[in-house]
Amino acid sequence: MAEDIAKLLKAAKKWKKARTKAETASENKAGEKVASGNGAKKRIALLSSCASQQLALLLEYELHAAGLECELYAGEYGGIAMDVLDSGSPLYAFAPDIVIILPHYTDIKEYPALLAPAEDCAAVVERHADYYLGLCARLHAALPHVAVLLGTIPIPPERQLVGAERSPYTRTSILRALNERLASAAPGYVHTVDIAELAELIGRREFFDYQAYFWHKAPCRIDYLPDITRELVGAIRALLGRARKCLVLDLDNTLWGGVVGDLGAMGVNLDPNDAEGEAYRHFQRYVLALKERGVILAVCSKNDDAIARAPFTENPHIVLQLSDIACFVANWENKADNLKAIARTLNIGLDSLVFFDDNPAEREIVRSFAPEVMVIDVPEDPACYTLALDAAVPFYTLGMTREDISRAGSYQAAAERAALASSVVDYDSYLAALSMRGRFSAPDASELARFSQLLNKSNQFNLRTQRYDLGEIERMATSSDYRLLAARLTDKFSDYGLISCVILRREGESAFIDSWVMSCRVLKRGVENMMFAAIVSTAREMGAREVVGEYLPTAKNAMVQGFYDGLGFALVEETDGRRRYRYDLAEDYEPGGHIAVM
Amino acid sequence: MTTKDKLQDIFRDVFDDEDIVITGETTADDIEDWDSLSHITLIHEIEAAFNIRFTTREILAAKNVGEFIEMIEGKL
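Those sequence lines, one after another, are chains A and B.
Just so you know, the first sequence maps onto residues 0 to 597 in numbering that gives the first Met the number 0.
Just so you know, the second sequence maps onto residues 0 to 75 in numbering that gives the first Met the number 0.
If you're looking for bench data, these hints aren't it; they were derived computationally from the structure.
Bear in mind that the values here come from a model prediction, so they are computed numbers and not experimental data.
Among the hints, erroneous ones may be present.
Cβ pair distances, simulated, as ranges [claimed, not checked]:
1) A/Glu205 x B/Thr26: 28 to 36 Å
2) A/Lys216 x B/Val20: 27 to 35 Å
3) A/Glu291 x B/Asp29: 56 to 64 Å
4) B/Asp29 x A/Ala115: 25 to 33 Å
Over the 10 Å line for every Cβ pair with chain A, so calculated as not near, a few chain B residues [claimed, not checked]:
5) Asp4
6) Thr26
7) Ile39
8) Lys62
9) Glu66
10) Ile68
11) Glu69
Below, computed lysine to aspartate or glutamate pairings styled on DMTMM-like, alpha-carbon distance capped at 25 Å [stated by the list, open to error]:
12) A/Lys15 x B/Asp4
13) A/Lys6 x B/Glu46
14) B/Lys3 x B/Glu31
15) A/Lys216 x A/Glu75
16) A/Lys20 x B/Asp18
17) A/Lys16 x B/Asp28
18) B/Lys5 x A/Asp119
19) B/Lys3 x A/Asp3
20) A/Lys9 x A/Asp303
21) B/Lys5 x B/Glu31
22) A/Lys16 x B/Asp4
23) A/Lys6 x A/Glu473
24) A/Lys339 x B/Glu31
25) A/Lys13 x B/Asp32
26) B/Lys74 x B/Glu46
27) A/Lys108 x A/Asp119
28) A/Lys20 x B/Glu46
Cβ coordinates follow ideal geometry from the N, Cα and C atoms, glycine included.
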């Protein structure tokens with residue numbers, strides 16, 4: 000992605016300077032660091048085998064631009080081991096929430112001899128992987144709540160054995176195998192960020208800049224620092240439960256060539272025999288693949304609704320179907336308002352949206368009036384659409400789960416469900432007609448990844464908004480002080496998979512609801528009542544006499560503010576919006592509703 | 000536009016200061032924000048603006064603006 004790195008660095012520096020100045024001013028005023036806001040700031044440490052100041056500056060700036068205020072610590076060049084192994088290091092004094100480790104191929108001193116047998120090569124790879132994963136384990140032991148982002152190692156652009164470079168004992172092969180090993184052997188608290196793959200995408204001869212490395216130990220050509228930054232921002236968003244969920248697409252000159260209002264459904268360019276028509280179809284195939292991995296698709300077009308829909312039903316060359324699109328908005332309102340309406344309809348936050356529109360004026364309106372939305376800089380040529388969207392890294396995932404695949408389908412089934420709703424007289428008989436079946440029990444080992452994912456990305460139905468990575472969840476699952484509960488739901492239209500999580504913690508004679516989240520796709524279906532019945536029986540098994548619940552307000556979870564009141568809890572304490580409740584286990588709980596237990 | 004004028008524009012842009020006036024003797028000590036990080040950006044911008052590439056030795060050797068101008072003009 001061509002962009003002006005100097006301009007970006009300058010803007011970042013200016014912002015940082017202004018922020019430091021503002022902080023110093025407020026420190027002087029209050030005599031100490033202002034507590035408000037600081038508590039919510041995530042602390043991120045960047046440790047690198049290369050110089051990391053520029054990357055750290057860009058990362059801090061881009062996180063800020065994405066609405067994530069963070070404190071950043073940049074370790075010394077080559078100081079990964081020092082920071083991690085020395086318990087008196089600046090890293091531990093900084094007390095990070097997230098640690099990013101970016102190794103470099105120059106860390107690797109030992110390679111097998113040419114013609115070394117495969118098992119010797121494998122042993123070398125394993126030793127190197129053990130070193131990095133050992134550092135991660137050390138961090139995890141000292142700071143159990145820390146999530147580690149471990150970069151894979153970009154492979155240098157020279158070949159050792161051109162003609163036979165794939166032989167297992169070449170440096171290229173050893174580094175490739177090491178990267179595979181880092182990704183596959185990483186425990187739950189480590190997520191590998193594939194910087195090596197990024198270097199391949201850019202081209203290794205282009206990505207590496209030896210002059211810059213020898214001069215100031217730059218990790219790559221300065222122009223590609225923003226690409227590394229985008230990968231890291233994507234991973235951090237996902238870790239903090241702020242992954243984006245929905246791609247909103249324009250139609251004319253975005254999904255097809257020309258204006259459907261002028262050219263008609265058959266006149267727009269989707270012609271497989273025309274280079275530009277093929278480019279639009281290629282873009283649609285890429286978008287369809289996004290949908291298949293769980294990205295929700297929406298349309299936002301300035302058009303008459305019937306005209307906008309016509310190419311989908313009439314043009315035989317169209318790739319996307321109307322059924323792929325969860326929310327279709329074609330009208331003459333301004334797009335910033337339409338995007339807000341789309342977010343409301345889909346019941347997701349505005350910052351979950353990614354906007355793709357060929358018209359720069361529309362993009363500017365959205366940037367100004369809906370700044371939470373990620374706006375893609377769409378290139379002029381449709382042949383470049385897929386790469387622009389891909390390089391912007393809008394949909395970073397920490398890993399696929401089965402629910403990701405079924406999600407897109409369940410948003411479509413919502414439309415069919417709406418049709419059923421209009422055919423029955425009242426909501427209760429509608430729920431009865433859905434034939435819902437649910438299972439409420441501890442998650443099994445294969446469900447823990449999804450459990451962690453749902454816990455970390457739910458914002459609205461989330462009572463306390465505690466985030467735990469997979470490693471912590473795994474620990475709780477085996478601890479006698481904790482009980483995990485998960486809910487799975489199916490109805491006659493879709494299998495939702497795992498859609499609600501609860502973490503119960505023993506606190507003396509109480510069972511404390513540390514976390515309770517639910518996917519908004521299954522709101523008002525009675526899942527929460529069934530879940531509470533499960534909580535009551537689990538708490539009794541734990542020997543508790545009462546269940547204690549708490550509501551901690553955030554910008555997004557107002558919907559569950561009065562949730563515990565509705566379940567029959569008694570409010571015991573309220574301070575600054577934080578509400579604490581108790582439920583006496585001498586009382587029985589009758590969930591009612593229409594969910595049959597599997 | 001002379002090399003020095005063009006260079007002055009780059010300096011003003013990189014250091015975000017419209018009042019910078021460079022002379023042959025200007026060094027990093029004369030410009031507040033000229034640290035090692037902005038030096039990297041400066042080299043990058045000069046290379047892009049003049050469509051040239053400095054060698055590693057040249058980057059390390061250049062001590063003042065006059066030497067920069069000499070190096071640039073030697074490559075044009």
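Verification of the supplied hints:
1. A/Glu205 x B/Thr26: 28 to 36 Å: holds, 33 Å
2. A/Lys216 x B/Val20: 27 to 35 Å: holds, 33 Å
3. A/Glu291 x B/Asp29: 56 to 64 Å: holds, 59 Å
4. B/Asp29 x A/Ala115: 25 to 33 Å: Since B/Asp29 and A/Ala115 have Cβ atoms about 56 Å apart, the given range 25 to 33 Å is violated.
5. Asp4: Check passes; 19 Å lies beyond 10 Å.
6. Thr26: holds, 18 Å
7. Ile39: violated, 6 Å
8. Lys62: holds, 15 Å
9. Glu66: holds, 17 Å
10. Ile68: Consistent with the label, B/Ile68 stays out of reach of chain A, its closest Cβ about 20 Å off (over 10 Å).
11. Glu69: holds, 20 Å
12. A/Lys15 x B/Asp4: violated, 29 Å
13. A/Lys6 x B/Glu46: Given that 25 Å is the threshold and the Cα spacing comes to 15 Å, the pair holds.
14. B/Lys3 x B/Glu31: holds, 20 Å
15. A/Lys216 x A/Glu75: holds, 11 Å
16. A/Lys20 x B/Asp18: Distance ~22 Å between A/Lys20 and B/Asp18 Cα, so the pair holds.
17. A/Lys16 x B/Asp28: Since the Cα atoms of A/Lys16 and B/Asp28 sit roughly 20 Å apart, the hinted pair holds (cutoff 25 Å).
18. B/Lys5 x A/Asp119: Judged against 25 Å, a Cα distance of about 58 Å means the pair is violated.
19. B/Lys3 x A/Asp3: holds, 23 Å
20. A/Lys9 x A/Asp303: violated, 44 Å
21. B/Lys5 x B/Glu31: holds, 20 Å
22. A/Lys16 x B/Asp4: violated, 28 Å
23. A/Lys6 x A/Glu473: violated, 44 Å
24. A/Lys339 x B/Glu31: violated, 45 Å
25. A/Lys13 x B/Asp32: Answer holds: A/Lys13 to B/Asp32 is near 11 Å, not above 25 Å.
26. B/Lys74 x B/Glu46: Holds, because 11 Å separates the two Cα atoms, which is no more than 25 Å.
27. A/Lys108 x A/Asp119: holds, 15 Å
28. A/Lys20 x B/Glu46: With a Cα-Cα distance of about 32 Å, the restraint between A/Lys20 and B/Glu46 is violated, given a limit of 25 Å.
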